Every structure is written in structure tokens, then in C-alpha cells.
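Colleague: Each chain, written out:
Protein chains: 2
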Amino acid sequence: MAEAQQPAPMRWWGWGDPARPSGLPDQALAFLGATVGVAAQPRPPVALGSVRLSASRLKPATLQRLRDVLGAGAVREDHGARVLHAAGKGYPDLVRLRAGEPEGSPDAVLYPADHGQLRAVLAACAEASIAVVPFGGGTSVVGGVAPLAGEHGAVVALDTCRMGGVIALDRDSATVRVQGGMRAPALERHLSPRGLTLGHFPQSYEYVSLGGCAATRSAGQASSGYGAIEKMVLGLRLAAPNADIELPALPATAAGPGLRQLLVGSEGTLGVISELALRVRPAPAERRYEGVFFAELAAGAEALRALAREHVLPDVARLSDEQETRMSMALAGGGPKAALGRAYLALRGYRGGCLAILGFEGAAEDVAYRRSRALALARAHGGLPVGASPGRAWLAARYAAPYLRDDLLTHGVMVETLETATQWSNLLALHGRVVRAISAALAAAGTPGLVMCHVSHVYETGASLYFTFLARQQPDDPIGQWQTVKRAACEEIVAGGGTITHHHAVGLDHAPWMRREIGEGGLRALSAVKAELDPAGIMNPGKLGLLSRSG
Amino acid sequence: MAEAQQPAPMRWWGWGDPARPSGLPDQALAFLGATVGVAAQPRPPVALGSVRLSASRLKPATLQRLRDVLGAGAVREDHGARVLHAAGKGYPDLVRLRAGEPEGSPDAVLYPADHGQLRAVLAACAEASIAVVPFGGGTSVVGGVAPLAGEHGAVVALDTCRMGGVIALDRDSATVRVQGGMRAPALERHLSPRGLTLGHFPQSYEYVSLGGCAATRSAGQASSGYGAIEKMVLGLRLAAPNADIELPALPATAAGPGLRQLLVGSEGTLGVISELALRVRPAPAERRYEGVFFAELAAGAEALRALAREHVLPDVARLSDEQETRMSMALAGGGPKAALGRAYLALRGYRGGCLAILGFEGAAEDVAYRRSRALALARAHGGLPVGASPGRAWLAARYAAPYLRDDLLTHGVMVETLETATQWSNLLALHGRVVRAISAALAAAGTPGLVMCHVSHVYETGASLYFTFLARQQPDDPIGQWQTVKRAACEEIVAGGGTITHHHAVGLDHAPWMRREIGEGGLRALSAVKAELDPAGIMNPGKLGLLSRSG
Numbered sequence: 002m003a004e005a006q007q008p009a010p011m012r013w014w015g016w017g018d019p020a021r022p023s024g025l026p027d028q029a030l031a032f033l034g035a036t037v038g039v040a041a042q043p044r045p046p047v048a049l050g051s052v053r054l055s056a057s058r059l060k061p062a063t064l065q066r067l068r069d070v071l072g073a074g075a076v077r078e079d080h081g082a083r084v085l086h087a088a089g090k091g092y093p094d095l096v097r098l099r100a101g102e103p104e105g106s107p108d109a110v111l112y113p114a115d116h117g118q119l120r121a122v123l124a125a126c127a128e129a130s131i132a133v134v135p136f137g138g139g140t141s142v143v144g145g146v147a148p149l150a151g152e153h154g155a156v157v158a159l160d161t162c163r164m165g166g167v168i169a170l171d172r173d174s175a176t177v178r179v180q181g182g183m184r185a186p187a188l189e190r191h192l193s194p195r196g197l198t199l200g201h202f203p204q205s206y207e208y209v210s211l212g213g214c215a216a217t218r219s220a221g222q223a224s225s226g227y228g229a230i231e232k233m234v235l236g237l238r239l240a241a242p243n244a245d246i247e248l249p250a251l252p253a254t255a256a257g258p259g260l261r262q263l264l265v266g267s268e269g270t271l272g273v274i275s276e277l278a279l280r281v282r283p284a285p286a287e288r289r290y291e292g293v294f295f296a297e298l299a300a301g302a303e304a305l306r307a308l309a310r311e312h313v314l315p316d317v318a319r320l321s322d323e324q325e326t327r328m329s330m331a332l333a334g335g336g337p338k339a340a341l342g343r344a345y346l347a348l349r350g351y352r353g354g355c356l357a358i359l360g361f362e363g364a365a366e367d368v369a370y371r372r373s374r375a376l377a378l379a380r381a382h383g384g385l386p387v388g389a390s391p392g393r394a395w396l397a398a399r400y401a402a403p404y405l406r407d408d409l410l411t412h413g414v415m416v417e418t419l420e421t422a423t424q425w426s427n428l429l430a431l432h433g434r435v436v437r438a439i440s441a442a443l444a445a446a447g448t449p450g451l452v453m454c455h456v457s458h459v460y461e462t463g464a465s466l467y468f469t470f471l472a473r474q475q476p477d478d479p480i481g482q483w484q485t486v487k488r489a490a491c492e493e494i495v496a497g498g499g500t501i502t503h504h505h506a507v508g509l510d511h512a513p514w515m516r517r518e519i520g521e522g523g524l525r526a527l528s529a530v531k532a533e534l535d536p537a538g539i540m541n542p543g544k545l546g547l548l549s550r551s552g
Numbered sequence: 002m003a004e005a006q007q008p009a010p011m012r013w014w015g016w017g018d019p020a021r022p023s024g025l026p027d028q029a030l031a032f033l034g035a036t037v038g039v040a041a042q043p044r045p046p047v048a049l050g051s052v053r054l055s056a057s058r059l060k061p062a063t064l065q066r067l068r069d070v071l072g073a074g075a076v077r078e079d080h081g082a083r084v085l086h087a088a089g090k091g092y093p094d095l096v097r098l099r100a101g102e103p104e105g106s107p108d109a110v111l112y113p114a115d116h117g118q119l120r121a122v123l124a125a126c127a128e129a130s131i132a133v134v135p136f137g138g139g140t141s142v143v144g145g146v147a148p149l150a151g152e153h154g155a156v157v158a159l160d161t162c163r164m165g166g167v168i169a170l171d172r173d174s175a176t177v178r179v180q181g182g183m184r185a186p187a188l189e190r191h192l193s194p195r196g197l198t199l200g201h202f203p204q205s206y207e208y209v210s211l212g213g214c215a216a217t218r219s220a221g222q223a224s225s226g227y228g229a230i231e232k233m234v235l236g237l238r239l240a241a242p243n244a245d246i247e248l249p250a251l252p253a254t255a256a257g258p259g260l261r262q263l264l265v266g267s268e269g270t271l272g273v274i275s276e277l278a279l280r281v282r283p284a285p286a287e288r289r290y291e292g293v294f295f296a297e298l299a300a301g302a303e304a305l306r307a308l309a310r311e312h313v314l315p316d317v318a319r320l321s322d323e324q325e326t327r328m329s330m331a332l333a334g335g336g337p338k339a340a341l342g343r344a345y346l347a348l349r350g351y352r353g354g355c356l357a358i359l360g361f362e363g364a365a366e367d368v369a370y371r372r373s374r375a376l377a378l379a380r381a382h383g384g385l386p387v388g389a390s391p392g393r394a395w396l397a398a399r400y401a402a403p404y405l406r407d408d409l410l411t412h413g414v415m416v417e418t419l420e421t422a423t424q425w426s427n428l429l430a431l432h433g434r435v436v437r438a439i440s441a442a443l444a445a446a447g448t449p450g451l452v453m454c455h456v457s458h459v460y461e462t463g464a465s466l467y468f469t470f471l472a473r474q475q476p477d478d479p480i481g482q483w484q485t486v487k488r489a490a491c492e493e494i495v496a497g498g499g500t501i502t503h504h505h506a507v508g509l510d511h512a513p514w515m516r517r518e519i520g521e522g523g524l525r526a527l528s529a530v531k532a533e534l535d536p537a538g539i540m541n542p543g544k545l546g547l548l549s550r551s552g
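The listed protein sequences correspond, in order, to chains X and E.
Numbered by our numbering, the letters in the first sequence go through residues 2 to 552 in order.
Numbered by our numbering, the letters in the second sequence go through residues 2 to 552 in order.
Simulated from the structure, these hints should not be mistaken for lab results.
Here the structure is a predicted model, which is why all the values come from computation and not from measurement.
Note that CB positions come from ideal geometry on N, CA and C, so glycine has one too.
Some clues are possibly wrong.
In silico lysine to aspartate or glutamate, EDC-like type, Cα no more than 20 Å apart, as pairs [stated by the list, open to error]:
1. X/232 <-> E/311
2. X/232 <-> X/171
3. E/232 <-> X/311
4. E/232 <-> E/171
5. E/60 <-> E/78
6. E/60 <-> E/79
Restraint-style ranges between C-beta atoms, simulated for each label pair [unchecked claim]:
7. E/297 <-> X/393: 42 to 50 Å
8. X/484 <-> E/365: 52 to 60 Å
9. X/513 <-> E/173: 52 to 60 Å
10. X/496 <-> E/117: 24 to 32 Å
11. X/365 <-> E/24: 48 to 56 Å
12. E/130 <-> X/513: 35 to 43 Å
13. X/517 <-> E/386: 49 to 57 Å
14. X/496 <-> E/173: 18 to 26 Å
15. X/377 <-> E/34: 55 to 63 Å
16. X/402 <-> E/353: 56 to 64 Å
17. E/130 <-> X/64: 48 to 56 Å
18. E/380 <-> X/284: 22 to 30 Å
Kindly produce the complete structure, drawing on both the sequences and the hints.
Modeller: Written out as C-alpha cells, the structure is:
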């Protein structure tokens, strides 16, 4: 097995590399000041030592039992480890962490080294009635790693970072077998010199674990071409407290219900994905990114639908609405070239306008064919190709948004994203409904904001909608403010025929809407699986909205 | 809702339209006589009236209850209905039916008209402890509709033919919503005038129901392009004895485990799929079918792998091994044109050789691009394009094999097919193992036979292998003969790293291998879902190899 690589821990209070310099550009700060308003004084996070944690509830005998299973160094109770595993990276997580007041924290953090240790430690936790929260990259934005004990006396985070290696590469079958804790960039570093790629690039790419991606049905930014993670998982191995499930890599099978897809999306509630077999592809020989302007969202959406129907979708396909387009141009700012670009577009009647990024990756012939047909179809739908620079800009900044969020929080600006997917026939209606619902909720809270959206993750039958909103943070009750807006958006999404989540997963934040998503019958089916694999109910309590054993 | 169309019933003792003339061409009979041997006298099926059935075990009060729910005409106990639902269309089914001795028969046949009646009648059956076998087209070749009562006192077939209409077509979203009993040809007849197609053409196409296709993870002959049914199901509705599950049409969702894929492949063991939302596509403007000769199987497989890797797969991709190629040419027979063709191939060194059919369907530009690149890649792998006639011949005969089987049975020839899928790196090894295992089993039974195979259903990571074997039937124990060979093939498939089924499903015949396919943990997970949705265990007992409630 290739050596597991320990990724550097993230900023405990926010996103990414602690060494990366932060700070908003002046023009962005000015724009925000003029639109939603910023705090008079920056509000930095508290010091790590000031974060308040309850004392660990684990009894010495239990701790000793865990250490017997994993080794002493693989069971940590120190302040730093507990804070790093106290929350994911959702907006409320960061608000609470920065204030030094996480909602809770694991009583210990466990670091199993392999499937055997994983099974053994889950059995020990089941026996001792300790809740277990699987923790890969820790990047959940929906409360997926919230350290909830449920009905149990204590909770531990189970960090998979020691299970981070490549097990085997089958080049002929374009299949790589990895441990569940392997980070996405580590896999790309392994594949790249071999001329291969997984092609899974979510915004959280720099930190995500592949087991975590599978457990949360992650979709990368290039999912229109490479597919979401669910299309890549050919086989997997799950360690549950009361069972092992091992499903070998197969191109396809008709041997009964789709167990692979039952484990994909299980969000740690059934067990821990310890190994995965993933489809890989040749690394693209060519990448062509194109910007295309549309006069309005409807025209752009029609164009994307045509690309899907004609099977010439780019790998990356995103279409910003008017507000998001305006905002990107404002933040990208000022130079004479940008002004010239805007003047050019205005001249051609694209004054408001919606920018699409179409990114083609693959073999030269493949890229040439799809790009040429796609641009022709885009033109036929009123699109105006504006060259490679918007695509280049997007590529350069594709992982930057979570860093930006930290800076916005420092300046007292709430920023949150949420997403859905729906059929094409409902896309524009749902877009309008959700934008209006978020805007109204922000205004009702006394903090009118900016609401924007892009269409991405394009399918033949529909697409996803990804909303971003910004508003001045209410310093006295930022969590209540967020909850009000989030609830309004989620209600509108499910009432409007969208899924409660296209790729952020369910976690804690979307759990209240699962009954409307899959019905009582669906919840009962999933809860029955859980009761079989995890009869003590220790796995990630409270997530997915599963029914408790009593009802 | 569009009017449901009642399909004509099949020959009760075999395949297809009773009016279709039968009989083997002389050259085929001569070939078989010279290779595996044929019976001295034709052996026609017995008369319908001679088929032996046990008396119905349903009590009058129970029958009355069922009639109260469905209406008197929708509960049939007559000989004809019971025989028509006594078995599927597998080899042992036909052997037994032709002899007038089916293994069993349903005590009655139920014909619910809609989801509401379906739910009500399932509840009534659960209450009365009557096993229910969902019956769509009745085309299972793996014992999927065997009328087993399990632990119950009686068994009914639940025929979905009255639930056969289109509910709604959403053109913008390329999505059609149909009732589960709708037959595939009826849907194509609905879609075709609207310029659309589902693109699902299994060999059983003329009779299959779409709910049955979903329940058995069916894959059509054009699955390399359109995908298997699992890729087409966007939403569905299941009526279970103890629950309803309704999952709306969505292009994608990350809302937890993949419930859609849990119901796809459930083979009637959880409930009945009463409605489906299916992705449709534009009807192809162009169809180009090409024959390509390869000197050996390995070269052809490498070519198909390259097409998959380069994303220029044809919609239909099949590659016959040497034996299957030889056999098709022998059966296609004699004319001077065929002799000329063989001479031409021999001249170029393709004396044995493997024929591939590559079928491209779609928009003109799409077909032109894929065809041109695919043929270039095939040539680069040693392929010799031989024009459109092999493809035309295959298209013309694509649904003929089950008719041929009936004729072979009349002449005392056993013919059976079985299939698997595996990763590319294992494909040739598995092919060799299974061919040898079947050949050895046939020889050991004293009936040496012909064993042939084709590669089809091509994926980036692997492909399926579809085996056909012929041998002289042992008239004294044809079922025992078949069981020996089938068991040898299945053992070799699972020992050799293949799935027990790529698209025939599990049914009864593959149930013994499910434990090795998905493990004890997988079986327990599925059985837990069943216990929740069907606590009385009435749904399709014995199928899928699920664990009984007692463990």
C-alpha cells in the first residue's frame, strides 16, 4: 500500500491553511459596505485556548479500552484535537467556533489505522454506548460531523486520516482502490504521474476524504463531465458496528437492489466506508474553458439543456444568474480591460446578462468536437462567446470561496450557500421562488441582502441550482438570523419541487426535510437498515433524520 | 392517462406470438445434427388441457375478499390464466411446461387496475397469508416469477397488465411517467410520434413491462449508449404490503442513501413498482451499424476498451468470440455472397476471427463523429471493417433468439444463456474459465456441446460476457442435466471474480450465489428492509436469496 499522507490540519476556526494570508481587497470591502453593510470593526476569532469545551465524559476504563484497541497515541483527548473535531465548516459552525463557543465537542478523537482497528473500535464503542462521528476532511457544511451523543453517554470523533493510502491501481480497468480516509489531492498526486485523474473537484477539494465524498454523495465542479462521486464508486467496504459489507469493484451488476448506492450517501449513520474502488480516467490532454454571455437566465438554461440533450456537455458547466454575474464583475473589479469588456457587452445588448463558464477537458479530438458543437448550440440560443479569460479566472479561484467566507465573517458579513436540483421544466420557477424567499427572509430580519445563484451540474433531465446570499450579520443573534433564512429557503425548495440537497448532503441541517423528500416509507426503509447494521444506534446520531429505534 | 393496452398473451409453452410460424431452417438442423445431435423425432409441447395443475388452495372466503377489492373479473382461477402465470421463460420453465408439468402454479391471478387497488390487495394478501408474485411480462429467465408460496398457504400471481398507461410526458425534462405494467413497445409507440425514445431494447423487448425491467435491473442491447434501466429511472413509486414509497423524478440528489437504486433490482421481494419516471431521449435521426472483424477476442476486447476510454462507444457494442462468430456464419448459411465474404476474410488472415457489431444511433453529427473515431480506433487495434450487412442482419434478428429456442427444444436440443460482468483486467481470463467449465460439465454429462460467448454492455471499467451453450437434451433428466451445467458455470463465475448476473437478475436460479456476491452483511441489510416493508414475508418468496425472518 502506498504510504498514507497526513494532511496538514485546517484553521480550527475557519477554512484552509493557517499560513495563508487573509484579508479582503479594498474594492470588495467598499462594494460590501455600499450594499449589505459591514461591521465597524473587524471581529477576529478568539484564541484557541479560549474555546470553551466541557470536560471529557469518557471514563478512564473506557479510555483504556479504546487505547488497548488502537494504541495510546491514537486516542486523543487534548484541547486542540477536540476543538479541531468540534464542528464542520458550515456557517453556524464557524460563527460558534470564532466566538469560542462550539455547540459541543467530541470527548475524544480516535485514529484507527486500518479496517481491522476500525471494526474493533466500533464494537468497543457499541459495547460502551459511545456515539461515533466519522470524520474525514471535516468539511461538512450541513452539520454532518456535529459531535452529538444522541442517547449515549459520550461521543467520539473517528478521524480516518491514518487510512489514507492507495491499495491498488488496476490501469486496464481504470479502477483505483483506496482507503476511505485518503484525501482527494493525495489521490490526484498518485494518479497524475501515471497519466490518470479521478476528476472529482468539489469546492472543498483541498481537504475532502474520498470516503467522506462517497458518504455524502459529493459532486465535483466538473460533474457534468466526470459525474458525481456516485458514478465513480464501483465497489466499497463498510465497517459497521454489527456487520461488515464488502462489495467488489464491478462495472455493473443486476444482483439485486443497489447496495453500493445504499452505502453511498449513508453519511456515517450506518458505518464507516473504509475502502473504495473508484473509476479513474485518462488525465485530460487538453483543457479549454470558454465564457459565454446570455442576455438572460432562461436563454442560458435553454442552451445548457440543448448541450445535455445533444450529448456535447462540457465537463464544467455553470451559468450565473444576473445577480451573480454582476457580483463577480464587481468583485473582480476595476481595471481598464474589465471596463472595456463591460462596454463591449453593453453595446451588444447584454447589459445585465448572465455569464456561463463552459470547461472542456479530455483528449484533443474529444475537446475539439464537443467545444465546437457546444459553442454553435450556445450561439443558436443567443449566447455570445467572450473567450477564455472568464474561465481562466474561475479556474484560478475555484477553491477560494471558503477562504473568502472567513474574511467576510471577520467583517461581520453573513455569507451562506445552499443548493438543490430539479427537472428542467421547473428550473426557472424554482430559481425565482428560492431567490424571492431568501430575499424576503433577509429583509424581514432587518438585514436586506444580496441573493445570487448559478445553474451547474447539468443533466439531460435537469440541473442543480446553487444559491449564495450575503447580508450584514446580526451580532446579537447571528445563529437565529441564519436559521430563519435557511428555513425559509429549505421550505421553498421542497414546496417548489426541488430536492433538499443536490450535493451538500443532509447532515443535521437538512434532516427536518427528509420526511418530505423520501416519505415515511423511505425513512422506515433506511431506519431498518440502520437498526440491522448499528443496533446500538451509535453511528452519527441525529444525522439524515432517521427514525429512532423507538419510533 | 393514455389508454392502457392489453398485450396479446404469449404462447403458454414458449416464447412469443402463438401465430408466428415455427420451424428450423434445414441448414440449421443439419448443422446441429452434425455437431451436438438432435432428437430422432420432434417433441412438440403437450396440449394446454393436459397441463397438470393442483387444485387452487384459496378458500372461497378469501377469493371473495380479493374480488371485493379488485372486482370479480380481476381475480381469475381458470386453467388458462393459471398456466400462463405458472412460470417464466427460462430453460427449465419451458422444459417443464412443454411436458405439461410445471413445478407449480398460482392459485389465482390478480389484475389490479391502479396503485390504490394494488395497495389494498397486498394488504388483503398479507392479512390472509397469501404469497404474491408480481408478474409483468413474465419473461424472467431465472425463475423470477416462479409461483412459490414460501411459508404461506397459497400463492397468487399479480399481473400488472392493467396498469399499462402513460401518466405524463415532460418533454422539457425528457422525462416520461408511466405505470409499472406498461410494456416497452407500448411506450415506444407513444414516444415515437413525438420524436422520442426510451432506448431500452432487451432481447425480451416485445413483452417486458417497464416495472419489471426496473425490478430486475434490465439492460438493453443498446445499453452501451443509453445505459441500463438503472440509469433511466429518475423516480418511482412502490406499493409494499406495509408501506408506500414515492420518490419523485429528480435529475440527481444527495439526500441520503440511494433509495431509488434500492428499489431498482428488488425483484418484487419488497413490493410492486406501480409507477416510474423514466428519462427519454430524442429518437435517433441516424442509425449506422458496422461490422468489424478481429483476428482474436483479445484484440476486439482491447478495441472496445479503447472506445470506452475515449468516450466514443457505439450505442450497441457486441463482440462475438470465435465460436459464436463461426456459429452465426454457419446458421446464416449458404448463399454465394456469404461464401465470398468468408473467402475474403480468410484471404486477409481472419480465418477464425471474431465479429463485432458496432451500432451508432443519434443526431447526425454525433453519429458521424463517434463512428469515424471508433472505426479509426478499431482499425488501430487490428479490426477490419466489413460494412453494414452484419449489423443489418443482427438488427433484423435481434429479438429472434427466444423463438429459435422453442424450435431447438422441439428438436431435443438444450440451449441456454447466462451472463456476467467483470473488470477489463479480468475479462479474458473469466471468458476462458467459464467456457471451459461449461464445456467440461456438458462433456461430463455425456452430451458434449457448443459453447460460445459475446462481450457486450461495455463500460469504461469493464464489460459483460454473455454465454450461450447448446447440447443434445438428455430426455430422461433434462432438468438435472441443465442444473449440473448451470451450477458449474455459476460457480466458475463467482470464483473467477464475475458478478452472478449483469442483467438477467437473481430470481431463484442465482439466489444460492447471493451470499458470495454481497456477503452476509449485504444480505442482512436487504433482509432488514424487506422485514420492514413486508413483515408478513408475502412478496415473491424465495427470490433474491434473502434471509428468512427467523434468520
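Colleague: The structure should be examined with respect to each hint, and the outcome stated for every one.
Modeller: Checked hints:
no. : hint                        : verdict
1   : X/232 <-> E/311             : holds, 17 Å
2   : X/232 <-> X/171             : holds, 18 Å
3   : E/232 <-> X/311             : holds, 17 Å
4   : E/232 <-> E/171             : holds, 18 Å
5   : E/60 <-> E/78               : holds, 12 Å
6   : E/60 <-> E/79               : holds, 15 Å
7   : E/297 <-> X/393: 42 to 50 Å : holds, 47 Å
8   : X/484 <-> E/365: 52 to 60 Å : holds, 54 Å
9   : X/513 <-> E/173: 52 to 60 Å : violated, 31 Å
10  : X/496 <-> E/117: 24 to 32 Å : holds, 25 Å
11  : X/365 <-> E/24: 48 to 56 Å  : holds, 54 Å
12  : E/130 <-> X/513: 35 to 43 Å : holds, 39 Å
13  : X/517 <-> E/386: 49 to 57 Å : holds, 54 Å
14  : X/496 <-> E/173: 18 to 26 Å : holds, 20 Å
15  : X/377 <-> E/34: 55 to 63 Å  : holds, 59 Å
16  : X/402 <-> E/353: 56 to 64 Å : holds, 59 Å
17  : E/130 <-> X/64: 48 to 56 Å  : holds, 52 Å
18  : E/380 <-> X/284: 22 to 30 Å : holds, 25 Å
Hint violations for this structure: number 9 only, all remaining hints satisfied.
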